[in-house]
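Produce the complete structure using the sequences and hints provided.
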Amino acid sequence: MTKSFVRRRIRLTRSLALRIVFGLIGAGAGLLLVYLAGLLGVYDLGYALSLLPPRGRALTTGLLTTLEFMALVMPLGFGLGFVFGWARTSRAWPARAVATTYVEFFRGMPPVVLVAFAFLITIVVFRGNDRIDIFALATGAGVMALAAHSGAYQAEIIRAGILSVPTGQIEAAEAIGMSKGTILARITLPQMFRISLPALGNEFASLIKDTSLLSTIGALELTFQGKNLSAVLAVGGGNLDLVIIIWVEIALLYFVITIVVSRALQAIEKRYRVPGLEAAQL
Amino acid sequence: MITVRDLHKWFGDLHVLKGVSLDVKKGEALVIIGPSGSGKSTLLRCINLLIQPDEGDVIIDGVKVNEPKIRPEWVRQQVGMVFQSFNLFTHLTALQNVMIGLTKVKRLPKGEAERIARFELERVGLADKADAYPAQLSGGQQQRVAIARALALNPKAVLFDEPTSALDPEYIREVLDVMTKLAEEGMTMVVVTHEMGFAHNVADRVLFMADGVVVEEGAPEEIFERPKKDRTKAFVGKILG
Chain Z
1 MTKSFVRRRI
11 RLTRSLALRI
21 VFGLIGAGAG
31 LLLVYLAGLL
41 GVYDLGYALS
51 LLPPRGRALT
61 TGLLTTLEFM
71 ALVMPLGFGL
81 GFVFGWARTS
91 RAWPARAVAT
101 TYVEFFRGMP
111 PVVLVAFAFL
121 ITIVVFRGND
131 RIDIFALATG
141 AGVMALAAHS
151 GAYQAEIIRA
161 GILSVPTGQI
171 EAAEAIGMSK
181 GTILARITLP
191 QMFRISLPAL
201 GNEFASLIKD
211 TSLLSTIGAL
221 ELTFQGKNLS
231 AVLAVGGGNL
241 DLVIIIWVEI
251 ALLYFVITIV
261 VSRALQAIEK
271 RYRVPGLEAA
281 QL
Chain X
1001 MITVRDLHKW
1011 FGDLHVLKGV
1021 SLDVKKGEAL
1031 VIIGPSGSGK
1041 STLLRCINLL
1051 IQPDEGDVII
1061 DGVKVNEPKI
1071 RPEWVRQQVG
1081 MVFQSFNLFT
1091 HLTALQNVMI
1101 GLTKVKRLPK
1111 GEAERIARFE
1121 LERVGLADKA
1131 DAYPAQLSGG
1141 QQQRVAIARA
1151 LALNPKAVLF
1161 DEPTSALDPE
1171 YIREVLDVMT
1181 KLAEEGMTMV
1191 VVTHEMGFAH
1201 NVADRVLFMA
1211 DGVVVEEGAP
1221 EEIFERPKKD
1231 RTKAFVGKIL
1241 G
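Chains as they are written, first to last, in the working numbering: chain Z, 1 to 282; chain X, 1001 to 1241.
Since the hints were derived computationally from the structure, they do not count as laboratory data.
Just to be clear, a hint being listed does not mean it is correct.
Claimed, not checked - The calculated BS3-like cross-link candidates involving lysine-lysine, where the alpha carbons are at most 25 Å apart (straight line), are:
no. : chain 1 : residue 1 : chain 2 : residue 2
1   : Z       : K270      : X       : K1156
2   : X       : K1064     : X       : K1156
3   : X       : K1110     : X       : K1129
4   : X       : K1129     : Z       : K180
Structure follows, in structure tokens:
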């Protein structure tokens, strides 16, 4: 049993690595196309290359910040989605009421507005307090707002996943003497997880790009760097071609991150695929 | 083995069981027949406490089980149940379906659980389907796995809730054969079914229920050939044509 589990783990890791490599190759091909366009004279390649170091530094900072936000927003959003999605299916009405309020509130507003609110409210509340880094705190609040927004969508995905487990199976599990906790862990969650994965992958893919909304509160992530570089170039009378190149590079970076994450989720989906539980059938 | 005394169950204003009593001796096969809505399924679910009865006693092996101090989970391990719609766990193979009660409820080590599960699958004639998922099995095979899942916990009795009603006609035989074999091996069984052939040939006793009460009970020949009550006569007449 353990041996086959380890083997499966290795297989999963290998196919995951393979998918990530494919993603990177795709991005490399994209960059090559940009470079080729330069060679063909679509833009001034020499000029673009000469400004590579400063822009490389800015975009690297942006990329790392975006990855950091993702690393926060994805698990936080999933955690919120899981807890509230589960609460939405609860038999206890107060749990349902709280979860429904959460979902309707955070789903009902544009994420950019939520981010702005979270940021501004934090600034106002901690105004004048010089022992803490208010800007960092407010940025954190913005990140939380984004996670809460995505969590509301994920809660609905989780809820649908839980409800898709036939009640007959719950009854059958009770009939062999399983406790409520065991039923949740061994019957409901494994099926919910398989059914919800494709929709969750979709939500993650959109969430990655939603981190760009944090540029509106001055977080130094990819999109902010793009805006910043564009502005600097515009003020300095720079070449518009280069502005386009920068945005192409940013687009490609988002593309690679999204591809890697969604491929990874597809690998997990494939690894746990079971006949009769394919999302397409439901 | 199973004694039910003056059992009542209400769903809101609906009085589903109106004082049902029955007795199943060890090794006996009791078949319950009756029109739909007569409370047969509710009665079965009250015996293993999937539904909590409102009044009356359920006594299993001398122990009154519908008591607050008795854990329903414990009762359900003593009495297996087979459902109309099989209710196998979709994400588990046939073997895992049979094993899960052993590993997660009885907490047996994996090796021993697997040995028992394979034995039970063999018993229902599905040793070769151990690694198949429910979606890859026919209805008849799924129901046999469900029977193996119930038997694996070594229950004192097994309840069958219309086990062949959801099956295509060609699969009914194989499920009834497994059940017949079980009855011959001396398993205590309570079977709700519309299969009059099975009731006639396998049951030690037949109990006719209507509108939440036991109308009549007796040996299969008595109920089917010489029913005393008019309601029984009418029902049996319709069923046997």
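Going through the hints against the structure:
no.: 1; hint: Z:K270 x X:K1156; verdict: violated, 41 Å
no.: 2; hint: X:K1064 x X:K1156; verdict: holds, 15 Å
no.: 3; hint: X:K1110 x X:K1129; verdict: holds, 19 Å
no.: 4; hint: X:K1129 x Z:K180; verdict: violated, 29 Å
In summary, the numbered hints that this structure violates are 1 and 4.
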